[in-house]
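Undergrad: Next come the chains, spelled out residue by residue.
Number of protein chains: 4
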Amino acid sequence: MTSTQIFWAHISRLAENGILFDAVVNIALLQEMKSAFGKREGEYSRLVSKSSNKLLNSLWEKKRIPEDGWPEPTLELFLSWLACHDTNNRVDMVSIGAGEREGRVVAPIVRRLHCNMTHGVGRSGSLLEVQPKALGSSMLACLANEFALNAMQLLGLTTCKACLVVPMCTGMSLSLCMTSFRKTRPRAKYVIWTRIDQKSSLKSIFHAGFEPIIVEPVRERDALVTNVEHINRLIEQRGSEILCVLSTTSCFAPRAPDNVEAIAAICRLHDVPHLINNAYGLQSEEIVRKIVAANETGRIDAFVQSLDKNFQIPVGGAIVGTFKQSAILPIAQAYPGRASGIPSRDLVLTLLHQGRRKFVESFDRQRMLFVKMRRKLVSFAEDIGECVYDVEENEISLAMTLSTIPLEKQTLFGSILFSRGISGARVLTSSHDVKNVEGCELINFGSHCSEQHGGYLNVACAVGMTEYEVDEFFVRLASVYAKFTRDMGQWMSEKSIFQPDGYGEEDD
Amino acid sequence: MTSTQIFWAHISRLAENGILFDAVVNIALLQEMKSAFGKREGEYSRLVSKSSNKLLNSLWEKKRIPEDGWPEPTLELFLSWLACHDTNNRVDMVSIGAGEREGRVVAPIVRRLHCNMTHGVGRSGSLLEVQPKALGSSMLACLANEFALNAMQLLGLTTCKACLVVPMCTGMSLSLCMTSFRKTRPRAKYVIWTRIDQKSSLKSIFHAGFEPIIVEPVRERDALVTNVEHINRLIEQRGSEILCVLSTTSCFAPRAPDNVEAIAAICRLHDVPHLINNAYGLQSEEIVRKIVAANETGRIDAFVQSLDKNFQIPVGGAIVGTFKQSAILPIAQAYPGRASGIPSRDLVLTLLHQGRRKFVESFDRQRMLFVKMRRKLVSFAEDIGECVYDVEENEISLAMTLSTIPLEKQTLFGSILFSRGISGARVLTSSHDVKNVEGCELINFGSHCSEQHGGYLNVACAVGMTEYEVDEFFVRLASVYAKFTRDMGQWMSEKSIFQPDGYGEEDD
Amino acid sequence: MTSTQIFWAHISRLAENGILFDAVVNIALLQEMKSAFGKREGEYSRLVSKSSNKLLNSLWEKKRIPEDGWPEPTLELFLSWLACHDTNNRVDMVSIGAGEREGRVVAPIVRRLHCNMTHGVGRSGSLLEVQPKALGSSMLACLANEFALNAMQLLGLTTCKACLVVPMCTGMSLSLCMTSFRKTRPRAKYVIWTRIDQKSSLKSIFHAGFEPIIVEPVRERDALVTNVEHINRLIEQRGSEILCVLSTTSCFAPRAPDNVEAIAAICRLHDVPHLINNAYGLQSEEIVRKIVAANETGRIDAFVQSLDKNFQIPVGGAIVGTFKQSAILPIAQAYPGRASGIPSRDLVLTLLHQGRRKFVESFDRQRMLFVKMRRKLVSFAEDIGECVYDVEENEISLAMTLSTIPLEKQTLFGSILFSRGISGARVLTSSHDVKNVEGCELINFGSHCSEQHGGYLNVACAVGMTEYEVDEFFVRLASVYAKFTRDMGQWMSEKSIFQPDGYGEEDD
Amino acid sequence: MTSTQIFWAHISRLAENGILFDAVVNIALLQEMKSAFGKREGEYSRLVSKSSNKLLNSLWEKKRIPEDGWPEPTLELFLSWLACHDTNNRVDMVSIGAGEREGRVVAPIVRRLHCNMTHGVGRSGSLLEVQPKALGSSMLACLANEFALNAMQLLGLTTCKACLVVPMCTGMSLSLCMTSFRKTRPRAKYVIWTRIDQKSSLKSIFHAGFEPIIVEPVRERDALVTNVEHINRLIEQRGSEILCVLSTTSCFAPRAPDNVEAIAAICRLHDVPHLINNAYGLQSEEIVRKIVAANETGRIDAFVQSLDKNFQIPVGGAIVGTFKQSAILPIAQAYPGRASGIPSRDLVLTLLHQGRRKFVESFDRQRMLFVKMRRKLVSFAEDIGECVYDVEENEISLAMTLSTIPLEKQTLFGSILFSRGISGARVLTSSHDVKNVEGCELINFGSHCSEQHGGYLNVACAVGMTEYEVDEFFVRLASVYAKFTRDMGQWMSEKSIFQPDGYGEEDD
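Residue numbers (the numbering used here), protein chains in the order written: chain A, 1 to 508; chain B, 1 to 508; chain C, 1 to 508; chain D, 1 to 508.
Keep in mind the hints are simulated off the structure, nothing from the lab.
Be aware that a few hints might be false.
Identical chains blur together in the list; that is why a pair holds if it fits in one copy or across any two.
[To be verified] Listed below are the simulated SDA-like cross-link pairs for lysine to any residue, each with C-alpha atoms no more than 25 Å apart in a straight line: (1) K372 <-> E285; (2) K324 <-> V437; (3) K324 <-> E438; (4) K183 <-> N436; (5) K189 <-> C387; (6) K189 <-> V437; (7) K376 <-> E472; (8) K62 <-> V94.
All figures in this text were calculated on a predicted structure; none of them were measured in a lab.
Turn these sequences into a full structure, and let the hints guide you.
TA: In structure tokens form, the structure reads like this:
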């Protein structure tokens, strides 16, 4: 046998076994061993690298995020492998589509950007259903839910029992949860809403067909905290007319995360559902700890978090988590149709890319950098005669007063920060104006409370922010501030006040 | 100057002018001309190809699907160009993200599959809002809506005035429309629903917080048609308690498209909103014609169609169309947050790939192939002693009786078609069983009507189906049928009846 | 077991078996069957689609171009699968590179464009050697050689016994062959070269360290044909000083393909190697037939063809073919080092994409279109008072006289064709000038012969040209010609003559 | 004007200006400013980010590696932009190909992997020529040569004046240089070759049509160094029969880099060309310093380096450098045809990805890690009773004796290292056997010298090796060594000696 023949024989064997990942078996070595050891060749065969096609198997068996991230070639192989399980990618028998939806994609570039998986996830019955036409897409969807659950547990939500990746924004996902609560609360008309000045949060209530009852926060030293008493009173008054309490954990300082423990206790007492808007709260150990504690002593029906804000994937999805496995089913069934599989795919790819280790590290780094950012902001504020609100429980967002800038110039200051390449920093000014959001009238919208203040700057330290960004932020902030206050004299005669539409609002 | 220097000079000039597509200027030719004609060089300069960077400009100016499709290199350039307008892809100044959502994407493979556009579309206020952070993504979203409108008009909906691409399934989009109607109908509790046995249609009503009032179709010869009288009666009885009538155009034979003209007339008379589920109805000239006519003489508030079923892109989106430009805004504002930009991107890429010509052709081909499919099915049915229901108005789906197969074997017959690589063909059997969908009890679910029948086979000819598929479908159908009836004798003793879960249902 | 559990179990089984392509097994169907037939379930199991992972196996077993092309998802899976066999893509054990070349690629975009296969092909000993570090890349290289051989045989070179894909241009590959002949001809100094006015052909001789003895063609009616007598005389005179005869088959009319049968006979008689430059000759049935015949009765040591010109892949490679299996080895060993694997990859992907059927069709279409082009050119020539040279044996290139255009304007005419988007059409003018190519003095370079003529236009019909291109070519040609002759009056006073550098030459 | 209209107007303006990278102009901000400052708006306009489309311009103007690397979206845009300049990617006028090579690519996946640039580089005249059909590909080729020169200078070869990226391996590129020397040395038959046991180096001489005269190195303490005296003597004897001296800088210890200064001095004195095989020598500051010095006081006609070994790109290319600008032309002209553009593309992409900063850093890191590797190997050698050869001038490769392992087991030891995932580490054993390479008889092939030794292990620290790899290498080496020596007792009775084909050779 020539060396080429040996090689072909080896390849045939590989292919015969359908081995996916069994990469390098040192042919030369095998030959040597044969000649060297004769019959005792098995002696060293244990040195030969173990087949690595166990990688994929272990994924399906354990359904857990692997310890170490996968390299890109493996991710690509994985996607190709999945795609081959969708009917329309069959190579053995041409699939004939005689229905009204057959996963046809006419533009090759679109097909490619979807990795040839075009059927989306779920069926009209439920987001959790498997599509017989699209096993690959369905596997991806299942794996996304399992990975999401695993991720929750890794981040401290150890008692979480089920997760559902939903291809919609946080607000729409909250809406989906409320819809699924409806059946058990046939008389319900209202959702008790602890005020948080995000339009999407408020709109999610209307979208589900309910009306909010607004509970304004109360001031506790620097922080705006939950008015627990008010919630209790409302439930006692309205009883079964209340669909649920919608609390919010992640928010801009000086608003503090809601007191979910107290709310959960009230909800348990009065047998009222409790839904948590935990948009980017996974990043805060304090918030996570509180949700776990609240569930132990009180009631949480579901909690919703954004995929892009916590997992560094593109906008478009959310995760709904529940503490009972059965609780996820009615939520999955409430979605009326098949849905995009992209957020599921992105989550799986991202977690396979990071592996457990780097995933956890990215959260640890956020915590470390937040402490640094707070320290630097406090120091900068002192230097310029401002101060940073003390809202200890808020571990993501910070607020610094802007008393040294005239009220009517504060927004411009924020805009200039943006033009200097700083995105996400927002200036909040105070006003007695009433903003109408979906029919609700909110005074001083943006500040989470009608109470007036002297204006402040919000900044956040989210997962994925780098140390360079934190440092550079302060370099630019200092330079813009210095220039701005120097030039201010010239403008003081002018009186223009401008409020660009939508500026300073928190999007979802 | 050496030839390389001339070349560099030429390139510098190209780059200086920022010319994108001005591809080949024949350098050699220019040189020749100079020497050949001296001052009269202009004489032949008109031969030199006109700069083609007008291509992109004309896109933004006209906002119309180009006549001819773009080749892939151009599509890729276009995507790259767009991506460069998102803040986080800036190359001149490193963007510092100090907010809670900064379009960060940690896995390179995910970033790539999103063409580096990670911010999604819309803001918390509305799906139509532009994100200052993400001009590229926003351009794509705007263009998608313009293209969708252009496509509608090309397909005959010439009076359509506005379109919104929604990154959700048809059912969820119907839900979004209902939510936006709520404000003008504060007392509304019910949606009048002409029965169509898709779970997602029914669920969309519950999701928006309403209850359906079911109007069963009536038999008119072979077809199941709208019970217009019943709808009229219900509106007269309930008045302002009715949110809207939800009619359906595209459906499985023998159900016919709803009589939207009569419904629109009633809705106009009683001032009740009218919402049309036009899931895959764009493919039928008859349906399109009726919607246009219905709007002229009656009332249509919005109509919703699936992106994947009509435009051959992956599952995940829908288009909401309105006949008044202003009517689209409240619907866009009802979505509570930012949303995935993928369906918008896919639609734009697909229409740029096809160009107006091929886009229109693909619909023409469907019409031609449907006629062929009907002719062949009628002929096959005659051969085996069955018949095809005569539902003239249904130009997408066909139904053939299955009287020669025992009731208890019909579903198996359908399954075997699937196993032979035919997807989308469904066998419908009749039953007195009651199916509970979201609390509604529906007799004989799947048949759109409680009336019993002897079982039938549904097939559809949708956009994208090829002539080969139509031909091959009949080859396999004939072969499976022949084998099935031959072997049937052996089973007749057995009594097993099986109804696989969800089999034969219409997904959305 | 819930349906999800069944699904997971199914997936585990798939993964366990390492099944690559075993796409859709209808789970629901399997379940049904179980309940329907009980123990007789096997009855219908034969209906369930056969596993398709045989696809890959058959590739390795047969090493032949598959009958039908593979769809893109399968090609991508195939590439991923191959890449996993290169050491540095291992996922089970991190590879530690302690050598000077470890396939490291620092730019992710570059790695991706190479499908993660970075080691190239061959080793310092031979292009045919397998790299233990890079089994995937090596498999690709082996397959490319096998596919090339298979393609040759499909095109009529049925007695071809071995092929080598070389990642260099045709000229360099000819050089490689000459180098490998050197050992058996230690006294050789010269290569007998039948004149063909391509610089690369001539340069290939010098590159290998030899000197050409030029044999000018002789005129036979319209055609320029091989001066067989001259070759015979030279060999008789110089004997062992001749390394080989280098003949050329594919060329621009009016040069005819060399009379390889006569040359082969002489070479056999005198025991002199014979090398054929068959750059794009695979497209001509006549040339193929002659090479086969020449080998039967005479001597051919190797023949070289361009990859891009015959196989529609990017520039960069060639195929060396031999009629003895053992003859390929010394050529493969002559390459001094490892080489780019890109041409091998591109060839394999292209042939897998086309499949045998479409590959053969593309050559059939060229033949049909060439006949059409010749007919239309003859007709056009008649209309304008020109004529097409009658060179029957040349089935790829055509030449039309340009007597109606003044000599000094002919080149401009060619340039204008180029500026009108016609590439590849060349105007040849005649001249007594001497062109020095690598020290050889050639009179009337470009015309393959020192004999003067009145100028002509060359066009070719190569594989991949579409019917639209042929038709549109004549539309543009006619329009340019009409305009050109109309405007000519104005220029006649002027005397400028220009000859852009390199215009009208045949590249390789 | 509505906000959407303003947006469209802005986009139209962007497109009008053909602005590529002018990413984010804060529209909202511009509006604000207008209202706030009225006519003094210019005051703050300087805050608005400067247009960044200067990026591309500066590339063409400076033709230098940018200071900082470009992000991937920019690289993709750049490739798309280039591709649009190739004729066959025109979108304004369909290109009609009427020649024999038209850049046609039939498989979409192949076209994509070539970024739509399919014409390769160069013309039959020279690798430096611009293809009028393919301006994009030609730009890439030009830029590659400029970047290569810039890179050389950054690495210390400050007096280098011209570079040519050649799409062939180092050996073939050496061959190309020799061919180009031929014209000025018509009587030359021999190349003086300082022995280096790489087959490709030796084969490059034969390929160009010359014969080597071998100069064996001499032992100087541990190192094998150049026998300068011998070279001098040979030149004095043979004079014009010598084409050039081919020296080698990068090599496996204990061979030291050739004394290029002394050789250059001799070459200058006797007016003989001097060609340097600098395969992976760019990584050694010492080698670079010596080449520069040698050129100042002596003669160097060209020096060749591998692209993959120095620049971390896939196998397939080399860079030829010269110290006179005009000297590069004859080399570029010696290539007989058009060539693959892939190595040029890969080099440009890689250097744009890294930027000057990271490119230089990667070389600094190699130097630091080499020192660490040497220190650790010396320490390990001491522990086990071996020693590391002292070859100070070799800053890439190290050699450790293997006296504690019986001769006949040494190769097995090397194989086991490979099977443990260590690639590149080679065991060299000594032998009196004669190896015939292309007719040359070399005793003790692999050891660069016929002198016998007791066996040693070679390891190298090349650019791209990570600190983790260095550390992990020693972990595995120690563990394999311990296990190997422990088990050795059992085998001692056996007598099998095996020498896998090609094992331990240095590839190129």
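Undergrad: Work down the list of hints and note, for each, if the structure agrees.
TA: Each hint tested on the structure:
With identical chains, the CA atoms of K372 and E285 are at most 25 Å apart within one copy only, with a shortest distance of 16 Å there and 41 Å across copies. Proximity of K324 to V437 under the C-alpha cut-off of 25 Å is restricted to the inter-copy arrangement: shortest distance 23 Å between copies versus 34 Å within a copy. Only between protomers do K324 and E438 lie at most 25 Å apart by alpha-carbon distance; the minimum there is 21 Å, versus 33 Å within a single protomer. When the C-alpha separation of K183 and N436 is checked against a cutoff of 25 Å, the pair qualifies only between copies, where the shortest distance is 13 Å, while the shortest distance within a copy is 30 Å.
With identical chains, the CA atoms of K189 and C387 are never at most 25 Å apart, being 43 Å at best within one copy and 51 Å at best between copies. For the homomeric pair K189 and V437, the shortest alpha-carbon distances inside one copy (18 Å) and between copies (22 Å) are both at most 25 Å. For the homomeric pair K376 and E472, the shortest alpha-carbon distance inside one copy (12 Å) is at most 25 Å, but the shortest distance between copies (39 Å) is not. With identical chains, the CA atoms of K62 and V94 are at most 25 Å apart between copies only, with a shortest distance of 22 Å across copies and 34 Å within one.
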